[in-house]
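J.: Below, each chain spelled out in residue letters.
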Amino acid sequence: MTDKAEGSLLYLDNVSVSFDGFRAINRLSLVLEPGEMRAIIGPNGAGKTTMMDIITGKTRPDAGDVLFDGSVDLTRLDEAAIANLGIGRKFQKPTVFESHSVEDNIALALKGRRGAFAALFHRRSAIEQDRIDALLATIRLSDKRDLLAARLSHGQKQWLEIGMLLAQEPRLLLIDEPAAGMTDAETAETASLLKEIAKTQSVVVVEHDMTFVRALGVKVTVLHEGSVLAEGSLDAVSANPKVIEVYLGR
Amino acid sequence: MSFTCPPTNSPFAASISLVDLVWGYCGILSLGHGAFFALGGYAMGMYLMRQIGTRGVYADPVLPDFMVFLNWKELPWFWQGFDMAWYAFLMVVLVPGVIAFLFGWLSFRSRVTGVYLSIITQALTYALLLAFFRNDMGFGGNNGLTDFKDILGFPIQAPGTRAVLFAASALMLALGFVVASAVVRSKLGKVLVAIRDAESRTGFIGYRVEHYKLFVWTLSAVMAGIAGALYVPQVGIINPSEFDPAASIEAVIWVAVGGRGTLIGPLIGAVAVNFGKTWFTGVLPEVWLYALGTLFVVVTLFLPRGIVGLWGRVVTRRAAPAKEVDGSGRQAGEAA
Chain A
14 MTDKAEGSLL
24 YLDNVSVSFD
34 GFRAINRLSL
44 VLEPGEMRAI
54 IGPNGAGKTT
64 MMDIITGKTR
74 PDAGDVLFDG
84 SVDLTRLDEA
94 AIANLGIGRK
104 FQKPTVFESH
114 SVEDNIALAL
124 KGRRGAFAAL
134 FHRRSAIEQD
144 RIDALLATIR
154 LSDKRDLLAA
164 RLSHGQKQWL
174 EIGMLLAQEP
184 RLLLIDEPAA
194 GMTDAETAET
204 ASLLKEIAKT
214 QSVVVVEHDM
224 TFVRALGVKV
234 TVLHEGSVLA
244 EGSLDAVSAN
254 PKVIEVYLGR
Chain B
24 MSFTCPPTNS
34 PFAASISLVD
44 LVWGYCGILS
54 LGHGAFFALG
64 GYAMGMYLMR
74 QIGTRGVYAD
84 PVLPDFMVFL
94 NWKELPWFWQ
104 GFDMAWYAFL
114 MVVLVPGVIA
124 FLFGWLSFRS
134 RVTGVYLSII
144 TQALTYALLL
154 AFFRNDMGFG
164 GNNGLTDFKD
174 ILGFPIQAPG
184 TRAVLFAASA
194 LMLALGFVVA
204 SAVVRSKLGK
214 VLVAIRDAES
224 RTGFIGYRVE
234 HYKLFVWTLS
244 AVMAGIAGAL
254 YVPQVGIINP
264 SEFDPAASIE
274 AVIWVAVGGR
284 GTLIGPLIGA
294 VAVNFGKTWF
304 TGVLPEVWLY
314 ALGTLFVVVT
324 LFLPRGIVGL
334 WGRVVTRRAA
344 PAKEVDGSGR
354 QAGEAA
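Those protein sequences? They're chains A and B, same order as listed. This note's numbering numbers the first residue of the first sequence as 14 and each following residue consecutively. This note's numbering numbers the first residue of the second sequence as 24 and each following residue consecutively.
What the hints contain is simulated information worked out from the structure, not anything from laboratory work. Don't take each hint at face value.
Computed cross-link-like contacts, DSS-like style, restricted to lysine-lysine with a CA-CA straight-line distance of at most 25 Å [as the list claims (entries may be wrong)]:
1. A:K157 - A:K124
2. B:K210 - A:K124
3. B:K210 - A:K157
4. B:K210 - B:K96
5. A:K157 - A:K17
6. A:K71 - A:K124
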């Protein structure tokens, strides 16, 4: 079983989880190669968010293997430990620290020691400041650095959260509906930003917006009732009769 | 009255800044911080009891009066060592600290948050209240510890001693303020606010939320203990009523009225509410608790940032509107 996981970045095998008898995830298997970008689509309740919860340690699966880097068992670790392994997560609803400035949001997410005492005596170094400046430029919020995050527009908050993810320098990014609530122009920019990120890191994107998925141009996994329904290019899965049935109703 | 009021209030004021450190900055609403205040007070009270020696009513060189009265023959183990000042002062810090650490470790690790945690903190102080009321606990039952004679060899009632205690309280208040503002300004303080605003986001970034909560929780308990220890020699008594949940809740109301999430707010709130209390309990004593409750509701609904927030709004409104658009972000952030 673990042999198959070798060489993969993320390996889910036969994962199941139930909530009060409802099988949110049902024998789900998924393999992500290092450096790969994957789009995950599926109707509401297909288990997309639950899958992310399992990978990031928020939910423990009832059965199955979840391995990172071919060998690290994620089901035994908590959120903070998984984050420090190099898995970053962006929520569906933009979640930033509203009463901190944009710059402080990035500074808090910056890779570094996470202990309470390390934080108490922490002084920001010049290297860290350079990194913050570079990230602010990437997410196009340099001129808003002193603004409270609460004052950003919805799209800007999404970007700030992506910036915070990048600041963690994760090896794998899990991104839940990045284009939700964005204008067409913002959606297009977000797609190109993600493609840029995918050059150096592995990315899993959960998305409803088909034009956005098309713009990414990557392998697509279709989830339905907690398991994989189809996998392949967007055109291939769109032509799949099972997928059409699920999306258009029977 | 005129002399005892300010010194007895300043340790209180120090301890409520700490209620705000955990509530205003970290989002943990403790309705039981009075417990740590009282535990520190009891540790000091035990030291003062042992200093009485043969000057007690029963003139027992070792046993405090209440133990002689209960016909106890020897000092219980947990009273050992309290005749030494260094040991007693260490306990002032250790007892509230260790109890807070254990309580916090269990509840934060089990992810007890919000109103559930508030209720458990209240249960903690209420349980201690009931326990300390019992004579066989060995802390003087409902009479508590009193009749103190001297502290570090100085007569406790002497004006000079009182002045020094007053100065020590003021110093403690200033020190508490300095420590709290250093904590708030550090990166740790920013993580605390992050936890308050978006706890799960903070965890997914890689911060162990429970460790941060535990740190600030224990720190605030230790400082509340020190405040309690300074309070006891000045009022001359410590009894179980200090564990009364109502006292802890009142401290929370001071914070809410003054403005949570600021360090100066709790002090303003304490002065304002106590002023109201003095006036009200003189004119309409039976209405005071209702007025206090109403005040809490009104402040929560209409003044979420308390007096400090109200002041901030007045200042912003007076400033030129053009200035508000740019550059005010950082300032507003610090005030908020």
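J.: So which of those numbered hints doesn't the model satisfy?
T.: 4, 5
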